[in-house]
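Residue numbers (our numbering), protein chains in the order written: chain Y, 1 to 726; chain U, 727 to 869.
Source of the hints: derived by calculation from the structure; they are not laboratory data. We put the CB at the ideal spot given by N, CA and C, even for glycine. One or more of the hints may lead you astray.
To be verified - Pairwise CB distance ranges (calculated):
1. U:E751 to Y:T537: 28 to 38 Å
2. U:Q864 to Y:Q235: 17 to 27 Å
3. Y:D691 to U:D860: 46 to 56 Å
4. U:Q864 to Y:I224: 52 to 62 Å
5. U:Q864 to Y:Q254: 31 to 41 Å
6. Y:E295 to U:P795: 14 to 24 Å
7. Y:S10 to U:D860: 50 to 60 Å
8. U:R754 to Y:G365: 29 to 39 Å
9. Y:I224 to U:H755: 41 to 51 Å
Stated by the list, open to error - No more than 35 Å apart at the CA atoms, straight line, and that leaves these computed lysine-lysine pairs for DSBU-like:
10. Y:K409 to Y:K360
11. Y:K250 to U:K765
12. U:K765 to Y:K543
13. Y:K425 to U:K765
14. Y:K360 to Y:K225
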Amino acid sequence: MAEFSEEELSEFLVESGESLDRLDEELLALETDPESGESMASIFRTVHTIKGTCGFLGFSRLERVSHEGENLLAKLRDGEISMSRSIADALLELEDALRSMLAAIAATGSDGDDDFADLRSRLAQLASAEAGDEPQASRKLPPNAFVFAAEPVAEEGEEVQPPKEGEEEVLRGSRPSQRDSGGRQRPVAVDTLIRVDVSLLDRLMNLVGELVLARNQVLQLASIKEDSQLSATTQRLSLITSELQENVMKTRMQPIGNLLGKFPRIVRDLANTCGKRVHLEIEGRDTELDRTIVEAIRDPLTHLIRNAVDHGVEMPADRAAAGKPEEGRIGILAYHEGGYVNIEVSDDGAGIDPKAVAAKALSLGLVSSEDLASLSEREVLELLFVPGFSTATSVTSVSGRGVGMDVVKTNVEQIRGSIDIVSTKGQGTTFKLRIPLTLAIIPALVVESGGERFAIPQVSLLELVRLESSGIAESINFVDRTPVMRRRDQLLPLLDLGSLLGLGESWHSRGPEAINVVILRTESSAFGLVVDRVIDTQEIVVKPLGSQVSQLPHYSGATIMGDGCVALILDVNGIARYGGVGADAGADQPVPREAVDEFEGEAVLVVRAGDGERVALPLREIDRLETFPVAAIEVAESEPMVQYRGSIMRLFWLSRLVGAASTDSSAEEIQVVVPSSELAGCGIVIEEILDITHTGSLGDRIAVIGGRVTRIESLASLVGQPAGGW
Amino acid sequence: MAQEQYCTFGLDSLMLGLPVVHVQEVIRHQQITGVPLSKRTVSGLMNLRGQIVSALDLRRRFAIDAPFPRQPMSLIVVVHGESIALLVDEIGDVITAEAADFEPVPETLGPPASELVRSVLRTPGGLLLLLDLDAAIQFAAVV
C-alpha cells in the first residue's frame, strides 16, 4: 500500500465528491440521450479516475467496484452494448455505492465493510450481455474520447499510471472547475481558483455588515459637523465600503444549477417508486444566489418537487384518460427580477381543488366555516400552508404527513422570502418562491409616520409623490370612503401608514396641506402609502426580528439607524395585505382580455342608476362621493337639495336623468356623486357604486364595460338638463 | 447535592428567580423602539451592541395592571439560542440553593403567575418564585 498524506486523502475525497455530484446528472442525461458522446466521456473519466486513485490510495473495495463500473461503461462507450433501463439503474446504484464508500473513508479512513458483491456481479453480467437484435450503428465518438483509447485500461490489481501532464491538458476542456487530479498537485494554468472555508466568508460578510453600520453612523455625525475635509473623507469611506460590500457578496454567490442538479435523479427515482412517468425541465441554472439562500431553499425545493411527483402528477392511465400525455412534466424556472430571485416549481398534473382544501381544513378544525366563507380562492389555497394540513388522501411514505408545507413556508420566510400557489384543477400547479437577493444590506427609504421611523426596501419603491392641496383635490378621489389616487391612467388605492399601524389619525382626517405618497409595488399590483415625512434613502443592514415579533406580517426585519436607535423595516406585501389592497383582488384569476385593452382610455366610475341601468361617469369629472341620510333632503322651489359643506347642493337623480326605471324608494340614505368644481352646487344621486375601471374613448354613448352594456354619460351634459324632481 | 445559583429579581411585589445559566447580562433600561401591532406584552426592540433584542414587559406578562413606576431594568436571557430582554423592576442578589429545597407552586398563586412559575423556594427574604422561562417567552408570542 502506497503512503499518502492527510491532505492528499482529503483532496481525493473532496474532488471525488464533486465528480460524483456531476455523475448524477450525467448518468441521467445519458439515459435520455444514449448517443451523447460528451456525457459518456465525462462519466467514464469520473469512474476511471476514482478507480485509479483509490487503487493508488489502497482502497481495494472501492477499486473493485469502480473497476466493474468502468468495464460496463467501456462496453457502452464502444457500442458493444446499448443503454437500457437496467443498465442505467445499475450505474446509478454504482454511484450510490461509490458515494457510501467515500463517506466511509471520510468517517473511518477505510472504505467500509460492504463488498457490494451483488452490484459487482450485476455490473459484470450487464457488461457481458450481447448487444441485442439490432446491429449497433457505429457511434460517433467526440475527439477527446480518443485520448482514453490511448490510455491503458488497467487490469485488476495493476496500478494505473496517473496521466502525464500533456494529456491532462487535453482532458480539461473548457471547464476550469473540473479537476481530474489523481490526488497530486497539477501545475496547470487553470489553477486560478482557490478553496475557501465557508465560515470565513460568513465572517467577512458579518464584518462588512458591521462596517456598513459604522459607516452610516460616521455619515450622520459628519453631516452635523460642517467640515469639508471630513465630508470628502467620509465620501471616500462610503464608496469603498459599498464596493467592498458588493465584492464580498459576489464571493458568496453560487449558480443555482448546483443545487438543481440533484433534482433530476430525485424525480426519476421517485417517479419509478410511484409508478408514474415524469420528466423534469430546468431553466435558469445560471441564476446566482447567495450561498445561505441556496442552503435555505434546498429543503423547501426538495419538498415541493417530491410533492409534485407524488401528489401533483397523475398516474399515466389517468393522464391518458384526461387527454394529457402519459409523461408528466415538472418544471423549475429560476430568474432574477428586481432584486429578487424567483423560483417557480410547476407541474402539469391534477392541480389543487380549492373545494377539497376547504373541506379538509374545515374537518381538521383549522378554520371556521364563517371564516371560510369570506376567503378568496387564493386564500383557500394558502390554507395548505397551515401547520397540520395535508391533502393527500393516503399518507404515503414519500411525502404528505402534514408536516411539509408549513415548514416550507417557514423556511422561505426565514430568509425573508415569500411563497405563493397558483393552481388550476385538472391542469396543474405552480409554486412561486420569491427571495430577496441581498440578505443583509439593502438600500432603503427612511420615512416617518406617527412619530416613528420606518425603513422601506427600495426594491419595492416605484415612485415618491408629494401632493399639495390642489394636487390632492385633483388626483385623489374617494370610493366608499377609501382614498384612491390617480397616477398615469392607473388608480392606486392609498393607505395611511400611521393609522394603519394604529399610531394616529389618517391624513384625510387631519386635512394636511400636503401629503407624501410613497408608491410601492407588491407582487401583483401597486399602491400608495401616505407617510408623514420622507427622511432620506440609506443603505441599511437588515437584522432579523426575534421570535416574539417575527410572525407579524407587517415587518420584514429591523435595522439600527445612525443614531443607534432601532427602526422597523416594512414588509410591503404584508402591509398591502393588511390594508386590504392589491394582493388578493382578482390575483388568482387571469386578467380578462377586455380589461387589458381598457387600460388605455378613461377612468370611469360605473354606477347603477335606477333598478338596473349601468352608467359610466368619467372619474375626472368627479370630486367626491358622499352619503346623506334621506332626512337631510330639503325642498326649496320644488327642488330637492341638501346642505353640503356650508353651501347648498341641488340634487339630481341619475335614474331620472337617464330615464331609467326606479321602483325602490325605501332607502334611508342616498349616495351622491359630487362633480368637480365647474359644476358646483350640484349633486347626482345614484343607487349604487358598481366599479371603477377604464374604458376606451368616451365618444361612444354606449360601450361594453366590465362585460356589460353600459351607458356613458358626462356629468356636465347630465346636469345641464332641466332639473329632475322626485 | 445539586447546588445551583439563581439570579433573583423583583417584579412589583413578587420576587422571582432564574438559574444563572440562562442569564446573559443585566443592563439598565435601554431605549426601546415600539413595534406597532405587536402583542401587549412585547414592549419593543432594543439595540444591544448591534444585536436587535426583543423586550418583554414582565409586568404585563404577569397581568400586573400597574405600569413600571420607574425605568425598568433589563434582564437579558438566552432562550433557544436567542437573546431576549425581560423588563423587571429591580435586580436582586445571586443566591445559591439546593434543587431539592424547591417546593411545588402553592394553590394560593393564581393564574397567570401559576402558569409562569415552576416552583417556589422559601427564603429569609420571602417566597422566591422560580420563573418558567419557556412559558414566559412562549406565551407572549401567541397572546
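Results for each hint:
1. U:E751 to Y:T537: 28 to 38 Å: At roughly 35 Å between Cβ atoms, Y:T537 and U:E751 fall inside 28 to 38 Å, so the hint holds.
2. U:Q864 to Y:Q235: 17 to 27 Å: Distance hint for U:Q864, Y:Q235 is violated at roughly 48 Å.
3. Y:D691 to U:D860: 46 to 56 Å: 52 Å Cβ-Cβ, so the 46 to 56 Å window holds.
4. U:Q864 to Y:I224: 52 to 62 Å: 44 Å, violated
5. U:Q864 to Y:Q254: 31 to 41 Å: 37 Å Cβ-Cβ, so the 31 to 41 Å window holds.
6. Y:E295 to U:P795: 14 to 24 Å: For Y:E295 and U:P795 the Cβ distance comes to about 48 Å; the hint is violated.
7. Y:S10 to U:D860: 50 to 60 Å: About 42 Å separates the Cβ atoms of Y:S10 and U:D860, which means 50 to 60 Å is violated.
8. U:R754 to Y:G365: 29 to 39 Å: 47 Å, violated
9. Y:I224 to U:H755: 41 to 51 Å: The hint (41 to 51 Å, Cβ to Cβ) is violated, given that Y:I224 and U:H755 are roughly 26 Å apart.
10. Y:K409 to Y:K360: 19 Å, holds
11. Y:K250 to U:K765: 39 Å, violated
12. U:K765 to Y:K543: 20 Å, holds
13. Y:K425 to U:K765: 39 Å, violated
14. Y:K360 to Y:K225: 64 Å, violated
Of the hints listed earlier, those the structure fails to meet are numbers 2, 4, 6, 7, 8, 9, 11, 13, 14, in rising order.
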